[in-house]
Amino acid sequence: MVAEIGQFVLILALVTACFQGALPLIGAARENRPLMRFGDNAAFVQFAAISGAFACLTIGYVTSDFSILNVVNNSHSLKPMLYKISGVWGNHEGSLLLWSWILALFGMAVAFFGRNLPDSLKARVLAIQGLIGVGFLMFILFTSNPFERISPAPLDGNGLNPLLQDPGLAFHPPFLYLGYVGLSITFSFAIAALIEGRVDPAWARWVRPWTLAAWGFLTIGIALGSWWAYYELGWGGWWFWDPVENASFMPWLAATALLHSAIVVEKRDALKNWTILLAIIAFSLSLLGTFLVRSGVLNSVHAFASDPARGVFILIFLIFVIGGSLLLYGIRAPKMKGGGLFAPISREGSLVLNNLLLSTITATVLLGTLYPIFLDAFTGAKVSVGPPYFNATFLPLALPLVVAMAFGPFLAWKRGDLAGIVSRLKFALFAALAFSGFLWWWQTGTPVMALLGMGLFAWLLVGSVLEWAERIKLFRGPLANSWKRMIQLPRSAHGMTVAHIGVALVILGITASEAWQSEHLGVMRPGETVTVGGYDFRFDGAEAITGPNYDAIQGTFLAYKGDNKGVYLYPEQRRYTDPPMETTEAAIRPMLSADLYTVIGEADGDGGYAVRIYHKPFISWIWIGAFVMFAGGALSLSDRRLRLGAPGRAKRASAVSSAPSEAKG
Amino acid sequence: MKLKFLVPVLTFAAIAVVLWYALFNLNPTEIPSELVSKPAPEFALEPVPGYGPGLAQADLATGKVTLLNVFASWCAACMAEHPFFMELKKQNVVEIYGLNYKDKPDAAAQWLDRHGNPYARTGMDLKGRIGIDFGVYGVPETFVISADGKILDKIIGPVSKDMFDMRIRPLLNEAGS
Amino acid sequence: MTRKKRRLYFVLAGMIVLSIAAALVLMSFQDSLVFFRSPSDLVEKPISPGRNFRLGGLVEEGSIDSQGVTHRFRVTDLNETVPVTFDGLLPDLFREGQGVVAEGSLTEEGLFVATNVLAKHDENYMPPEVAEALKKSGQWKPEGSD
Chain A
1 MVAEIGQFVL ILALVTACFQ GALPLIGAAR ENRPLMRFGD NAAFVQFAAI
51 SGAFACLTIG YVTSDFSILN VVNNSHSLKP MLYKISGVWG NHEGSLLLWS
101 WILALFGMAV AFFGRNLPDS LKARVLAIQG LIGVGFLMFI LFTSNPFERI
151 SPAPLDGNGL NPLLQDPGLA FHPPFLYLGY VGLSITFSFA IAALIEGRVD
201 PAWARWVRPW TLAAWGFLTI GIALGSWWAY YELGWGGWWF WDPVENASFM
251 PWLAATALLH SAIVVEKRDA LKNWTILLAI IAFSLSLLGT FLVRSGVLNS
301 VHAFASDPAR GVFILIFLIF VIGGSLLLYG IRAPKMKGGG LFAPISREGS
351 LVLNNLLLST ITATVLLGTL YPIFLDAFTG AKVSVGPPYF NATFLPLALP
401 LVVAMAFGPF LAWKRGDLAG IVSRLKFALF AALAFSGFLW WWQTGTPVMA
451 LLGMGLFAWL LVGSVLEWAE RIKLFRGPLA NSWKRMIQLP RSAHGMTVAH
501 IGVALVILGI TASEAWQSEH LGVMRPGETV TVGGYDFRFD GAEAITGPNY
551 DAIQGTFLAY KGDNKGVYLY PEQRRYTDPP METTEAAIRP MLSADLYTVI
601 GEADGDGGYA VRIYHKPFIS WIWIGAFVMF AGGALSLSDR RLRLGAPGRA
651 KRASAVSSAP SEAKG
Chain B
1001 MKLKFLVPVL TFAAIAVVLW YALFNLNPTE IPSELVSKPA PEFALEPVPG
1051 YGPGLAQADL ATGKVTLLNV FASWCAACMA EHPFFMELKK QNVVEIYGLN
1101 YKDKPDAAAQ WLDRHGNPYA RTGMDLKGRI GIDFGVYGVP ETFVISADGK
1151 ILDKIIGPVS KDMFDMRIRP LLNEAGS
Chain C
2001 MTRKKRRLYF VLAGMIVLSI AAALVLMSFQ DSLVFFRSPS DLVEKPISPG
2051 RNFRLGGLVE EGSIDSQGVT HRFRVTDLNE TVPVTFDGLL PDLFREGQGV
2101 VAEGSLTEEG LFVATNVLAK HDENYMPPEV AEALKKSGQW KPEGSD
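Residue numbers (the working numbering), protein chains in the order written: chain A, 1 to 665; chain B, 1001 to 1177; chain C, 2001 to 2146.
Think of the hints as simulated: they come from the structure by calculation, not from any bench.
Check each hint, because a few of them may be wrong.
Stated by the list, open to error - To give a feel for the contact side, a few chain B residues facing chain C, derived at Cβ under 8 Å:
1) Gly1128
2) Arg1129
3) Ile1132
4) Gly1135
Since the structure is predicted, the reported quantities are computational estimates derived from the model, not experimental observations.
Positions of the beta carbon are idealized from the N, C-alpha and C atoms, including for glycine.
Please put together the full structure from these sequences, using the hints given.
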């Protein structure tokens, strides 16, 4: 029964979405207020309907209803409840349902929070959201129905895949989808603006919170995915530049660029066409990523080989959405008027540089991701583009970006004073050089790249803090005065500082863990001790253990430094039976200064075991940094919401507001 | 000057054309070429208990086109194609042999008890050795076997009705006419 | 500064960044395109010793010889065979008779020295999310399936 209800409300949602995609557009064109207002109600109904469908599927999972094929394939009665629930979106059909649900949720949020939006803009935004919803709901209903029944119902499900039963992986997709779908809102705003033929600072103010939210969620989603890879896969890597990762990284890069260019539109009414284009591209890259991952075109074997219909559907959808919106852009954008002038050395100029570099990086990642398909299509040669390509293109382009990150915030709008900034940043430069120099002296033989990375870390960290201190005039007067200034500083300014510091921390983590990683690989016998990265690892032997649905060999290591007691680490080599599968469970001791990482492998039949031990300095900071970036975004977002809720206070809250505000009270 | 605004859409058009081509013409799951139109490898296997007779290389040269389906009780996707095979058996469209891959005898028998048996013969490849000779990469896989016991084609993943009509039926008709 | 002149600066900056990027792409493509070869392909289209590529096929039955963490085995596609040596921990799914993709290069003597060995996960057809996960893990590199 539950499945039938779910199916029914999904169809209801599709019908609603069709109306939501059509009526408000007509209403906006004819200035018919009731038709425009229809979008609000439709957005509510669509959200309610998809929530119902999602609830139905969840009930199916929670009650282990094995008459639903999707539950059979992805769940099992013995699964812990958490993974029964995460199983709802841990598969193709369910994840699409989650996509649509978030889409409808955000659509409703626009309807609800967008009370101060002009009627026509709001109607058009909701209509575009509705049309995207139509595409996804049709995709679900026609090719990927999660409510398909199976008869006869089997006694139990098949979905006990051990790799998927993991908290990191359970919450990695929802965050990514929140990010992708958040970008759909900025996309809808961009298309609506193209239809209206008007972009102004007010438009940018409405778009920016959505971009911020999407960016924040993507940051967390990507970080969770890489963290999962790091601890679950057992070889210490955390980023592989594979197509699946690139599919989420490209929208992140584009969203980062959009975040910065929207500021220029907001404050200076410039870069409008470019910002619109970026909003389209950011969402397009999200869709393209979905296509690449699910269509079977790229590196995919089994996933979709049996159902080419899905790939065809997504590709047609892509052509409609991306092709249509870019065509609209090509027709309408030339009519858009450019805005304020600015000198190359200015805040705007630095943000242009930021955008230039970020979009170039995005393009090189896209090229590397698609190149195997192109080469295969044209020459039939099978290649893979590996990490060397991405490292060789990404790092040199990211370097000037980080250098400029410290400069940019110091520059004034319109026309900046480079000489003055250099003098103010000399402390950061000094810190970078001193830090690198110290490391060079302390750790002889450190590679140049590592010194460069650590220098960049110090540069960006000190530069960001200096800029913040400058704003609140720290140590340039009574502390009370600084405190007052700090309170009055808009949260978005704090947010920027925090996010930039987050980037610095990520650089620290990456550089330190790459440059000073120590590794031991070899056969160890019980009682033997090796020293890795200053820690002694004593191997106490290994024993066979039995888990709920697996057998394992569990090794015991004692890691200690000097005289302290040390910690025990228990890496496992698991052998699941149903389905047959082996996994490596690394044992990790995360610390702020370094991670201790142990893996146990095969027995050599002579009492010894193959083991791998890593000492990875500062690697946790990669994820701490990502979280700090997210926190910066959230801080900035809290500021925006304040201003959106009370536009009257907008002037006082924003540091620079040269452009006239068009927000309606 | 206006043309520059069309650069994005043209770039996308180029990408879309290649993706379209790739979607239809590049198949990363093609059969290892060295197996096509070669005789099936040599083997002789015991049947799944209660689901005899067993299966051997000689049994594949039947004088008509047959299917060799690689399945396992632990395989989720096998259940997806199973009802379709039952249907094929009911309508007597084609004879299907089951190669039970890396399974346990009683688990396989239970699975067939519960879901029905579409196979004319079954063979248990307990350690997956025969699978290697066939170049099995995963389950389910389905080989189309010619009248004289040669491998005509291999289908990776569950066989759906569309897949059957597209890849298998032409081979059946060809042999029948 | 005139409007035109400003514009010129930005266009110039754009050109410089793009050309640097293009140069980087071209330079790194030279070395980092990793070709995929099966043992038979390797006979048809040989790859010079020292050049990095991916070798894919099945681990030949009974060919594994492990001394501690040094492993020797042969990769076959049922036609041709290539001997491989690898120092390190083999992936979970590495087994005789299973699909494998090894990344590395050939020595003058025709021995493939692997720097990385990826077993192809192949027990079941996975939902894409699992496949994604496994792809990330490097345990399942499907380019090798042809």
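Checklist entry - Taking the least C-beta to C-beta distance, is B:Arg1129 closer than 8 Å to chain C? => result Status holds, d = 7 Å.
Item to check | Restraint check, 8 Å cut-off on beta carbons, for B:Gly1128 near chain C | outcome: holds, 6 Å
Item to check | Minimum beta-carbon distance criterion (8 Å), B:Ile1132 to chain C | outcome: Because about 4 Å separates B:Ile1132 from the closest Cβ in chain C, which is inside the 8 Å limit, the hint holds.
Checklist entry - Measuring from the C-beta of B:Gly1135 to each C-beta in chain C, is the shortest one below 8 Å? => result holds, 7 Å
Figure legend: structure checked against the earlier numbered hints; every hint is met.
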